Amino acid sequence: MRHAQAVSRSAALLLLFTVVACVGAMPPPPELRVTSPQRGMIQGGAGQITVTGTTQPGPDGAAVIKVTVNKVPAKLAADGSFTAIVDVPAGATLLETIAFSDAGGSATDARAVHAGELRPVGTNIDRAVTASLSADAFARLSAAAGPILKATNFSTLLAPLQPMANLGDSIANLKLSISRLTLGDAKITLTPVDGGLEFSAQLDGLSVGANAAYGGTLVPDGATAVSVTADRITIAGTLVVTPSGTAGFTTKITSPTVRTTALKLQASGLAGQVLDLLNTNLSSTIQSVTTRAAERALEPLINAALGALAGPQRIDVLGKRLDLQASPSAITFSREGALVTMNVQAKIAGSETSPGYIFTPNGTPTMNVGNGIQLGLADDLINELLAEVHALGLLDLHLEQNFGLFDTADIKLSLPPMVSANHGDSTMRLVLGDMIATLSNKGKQVISAAVNAEVDLEIERGTQAQEIALQFGKVHVFLNVLGDPADPEAVGGEDISGAAAAGIGLQLDSLSQFLITVPVPSVAGVSLDSLALRADSGYVLVSGKVH
Numbered sequence: 002m003r004h005a006q007a008v009s010r011s012a013a014l015l016l017l018f019t020v021v022a023c024v025g026a027m028p029p030p031p032e033l034r035v036t037s038p039q040r041g042m043i044q045g046g047a048g049q050i051t052v053t054g055t056t057q058p059g060p061d062g063a064a065v066i067k068v069t070v071n072k073v074p075a076k077l078a079a080d081g082s083f084t085a086i087v088d089v090p091a092g093a094t095l096l097e098t099i100a101f102s103d104a105g106g107s108a109t110d111a112r113a114v115h116a117g118e119l120r121p122v123g124t125n126i127d128r129a130v131t132a133s134l135s136a137d138a139f140a141r142l143s144a145a146a147g148p149i150l151k152a153t154n155f156s157t158l159l160a161p162l163q164p165m166a167n168l169g170d171s172i173a174n175l176k177l178s179i180s181r182l183t184l185g186d187a188k189i190t191l192t193p194v195d196g197g198l199e200f201s202a203q204l205d206g207l208s209v210g211a212n213a214a215y216g217g218t219l220v221p222d223g224a225t226a227v228s229v230t231a232d233r234i235t236i237a238g239t240l241v242v243t244p245s246g247t248a249g250f251t252t253k254i255t256s257p258t259v260r261t262t263a264l265k266l267q268a269s270g271l272a273g274q275v276l277d278l279l280n281t282n283l284s285s286t287i288q289s290v291t292t293r294a295a296e297r298a299l300e301p302l303i304n305a306a307l308g309a310l311a312g313p314q315r316i317d318v319l320g321k322r323l324d325l326q327a328s329p330s331a332i333t334f335s336r337e338g339a340l341v342t343m344n345v346q347a348k349i350a351g352s353e354t355s356p357g358y359i360f361t362p363n364g365t366p367t368m369n370v371g372n373g374i375q376l377g378l379a380d381d382l383i384n385e386l387l388a389e390v391h392a393l394g395l396l397d398l399h400l401e402q403n404f405g406l407f408d409t410a411d412i413k414l415s416l417p418p419m420v421s422a423n424h425g426d427s428t429m430r431l432v433l434g435d436m437i438a439t440l441s442n443k444g445k446q447v448i449s450a451a452v453n454a455e456v457d458l459e460i461e462r463g464t465q466a467q468e469i470a471l472q473f474g475k476v477h478v479f480l481n482v483l484g485d486p487a488d489p490e491a492v493g494g495e496d497i498s499g500a501a502a503a504g505i506g507l508q509l510d511s512l513s514q515f516l517i518t519v520p521v522p523s524v525a526g527v528s529l530d531s532l533a534l535r536a537d538s539g540y541v542l543v544s545g546k547v548h
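Numbering (this note's numbering), first residue to last: 2 to 548.
Fair warning: there could be bad hints in the mix.
As the list claims (entries may be wrong) - Pair ranges (Cβ atoms, derived):
no.	residue 1	residue 2	range
1	Leu483	Glu401	18 to 24 Å
2	Pro60	Arg315	56 to 62 Å
3	Asp127	Gly46	17 to 23 Å
4	Lys265	Val194	33 to 39 Å
5	Glu401	Thr124	36 to 42 Å
6	Val194	Ala214	36 to 42 Å
7	Gln49	Leu319	32 to 38 Å
8	Thr354	Pro313	19 to 25 Å
9	Gly320	Gly206	47 to 53 Å
Worth flagging that the hints you see were computed from the coordinates, not collected in a lab. For clarity, every value in this text was computed on a predicted model and none was experimentally measured. Each residue gets a CB set at the ideal place from its N, CA and C atoms; glycine is no exception.
Could you put the whole structure together from the sequences, leaning on the hints where they help?
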């Protein structure tokens with residue numbers, strides 16, 4: 002049981018109601034009945050839809066002179082029947098049918114239709130996420146990279162690579178396994194260029210501990226500890242970043258140039274050919290070790306910056322387990338910055354009963370790679386999650402509250418909520434289509450109504466510096482009374498709208514758990530300012546400047 006008194010978010014919302022068939026409205030509305038399409042319709046594909054119905058004069062006898070559907074004039078026959086053919090794009094559309102009388106009265110019917118390809122929930126969504134980081138963002142990332150590299154536990158990081166050096170031949174050979182690698186200081190520079198990141202590192206106070214296992218036909222088998230120090234090592238090259246499935250990204254430094262200053266070896270128990278072998282290869286070995294160490298250490302840094310969603314994750318959503326698995330599909334670099342796209346699979350436990358979600362073909366969002374950080378979420382990803390929530394009935398409500406003439410409201414969604422990111426004005430709205438509200442008093446049904454709503458989406462800062470949040474703005478609500486009230490004289494639009502507002506407030510409060518924290522490319526030292534939100538080619542596009 003859920004109670005509207007617990008809702009705080011609804012108090013901050015501006016709800017704009019259009020109440021249909023209100024008793025006592027002036028001038029009197031004509032009678033209006035839409036016979037097709039039925040409420041909660043899902044149409045297999047975008048295109049056109051035929052809206053039919055009937056209309057008759059209202060109580061004042063004023064003739065009906067015009068009927069429109071989404072501002073498209075309908076063909077109105079002498080008997081009051083009408084037909085209109087309107088365009089229905091892929092996604093969620095509210096059909097607003099209005100009948101006008103010659104006395105200035107009007108009646109409105111609002112109902113929702115979903116159009117497009119129905120796909121099973123949990124399927125992979127190609128290019129579900131697209132993100133870009135500017136050269137300035139990488140400059141900020143570079144400043145954060147040095148301290149991160151210095152604090153890295155290289156022993157754990159390099160363990161899978163041991164032994165890191167195999168020197169010599171059958172006569173005399175040496176295997177070098179790194180047990181410890183520490184740095185006094187580290188300074189990193191990452192500059193985007195065509196094909197990757199121009200990389201340079203200055204590593205001061207290098208200290209390496211290793212185990213040397215040796216043998217050969219002329220050398221008795223043995224092992225001893227060795228240590229290597231250097232005042233400074235500089236590495237330069239191109240860091241190539243490659244998508245690696247759910248693991249995120251792998252990094253490799255190509256054509257590295259390594260220079261060492263004051264390189265020293267300390268080894269006890271080594272003599273003759275084995276010591277000569279180690280001394281001869283010491284410089285190249287340390288170059289290889291530090292290069293591979295840098296590659297491994299930069300990998301999680303790059304994944305934190307570019308792959309905020311990468312890998313399998315389990316998230317609690319409305320008390321249900323959400324399994325989220327993302328993998329980068331492509332990454333490109335230029336001198337302006339980097340652009341990455343990711344595929345995503347998302348499934349809420351128990352949502353197998355869902356008939357699916359409406360897939361809408363998306364284009365390629367326009368992203369200014371050279372300007373701050375941008376994140377694009379395909380509306381398909383959000384709508385798939387909303388379809389799963391709908392299948393679980395998590396947004397259906399039973400409210401017990403004093404609504405004046407009612408003490409109970411039951412609200413059931415006929416269709417999943419949908420985010421539409423294709424409006425010509427570059428704004429985004431959440432469409433709640435054909436919610437059926439049944440209002441009762443002391444266990445007896447008084448009235449039922451169809452509720453349709455469009456909710457503006459806005460952008461705010463999240464709870465942390467690297468997070469942003471989608472919030473709800475104005476709520477445009479349409480109410481249609483279904484059937485005849487038990488007491489027509491007693492029931493008014495304000496009575497119904499109060500219950501509808503409470504229900505919508507609770508539903509938006511629940512939906513915010515999906516939209517509240519948008520994962521953005523982020524890493525220590527990089528945060529966003531001047532946030533902006535817009536729709537572009539089927540994506541919810543968020544952008545911000547780095548500081």
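For each hint, the structure was consulted:
Between Leu483 and Glu401 the beta carbons are some 21 Å apart, a value that agrees with the proposed interval 18 to 24 Å. One distance hint, 56 to 62 Å for the beta-carbon pair Pro60 and Arg315, holds here, with the actual separation near 59 Å. The hinted window of 17 to 23 Å between Asp127 and Gly46 holds, with their beta carbons roughly 20 Å apart. The given range of 33 to 39 Å is respected by Lys265 and Val194, whose C-beta atoms sit roughly 35 Å from each other.
About 39 Å separates the C-beta atoms of Glu401 and Thr124, a value consistent with the hinted range of 36 to 42 Å. Judged by the Cβ atoms, the range 36 to 42 Å given for Val194 and Ala214 holds: they are separated by roughly 41 Å. The hinted range of 32 to 38 Å is satisfied by Gln49 and Leu319, whose Cβ atoms lie roughly 37 Å apart. Judged by the Cβ atoms, the range 19 to 25 Å given for Thr354 and Pro313 holds: they are separated by roughly 23 Å.
In this structure the hint that Gly320 and Gly206 lie 47 to 53 Å apart at CB holds, the actual value being about 51 Å.
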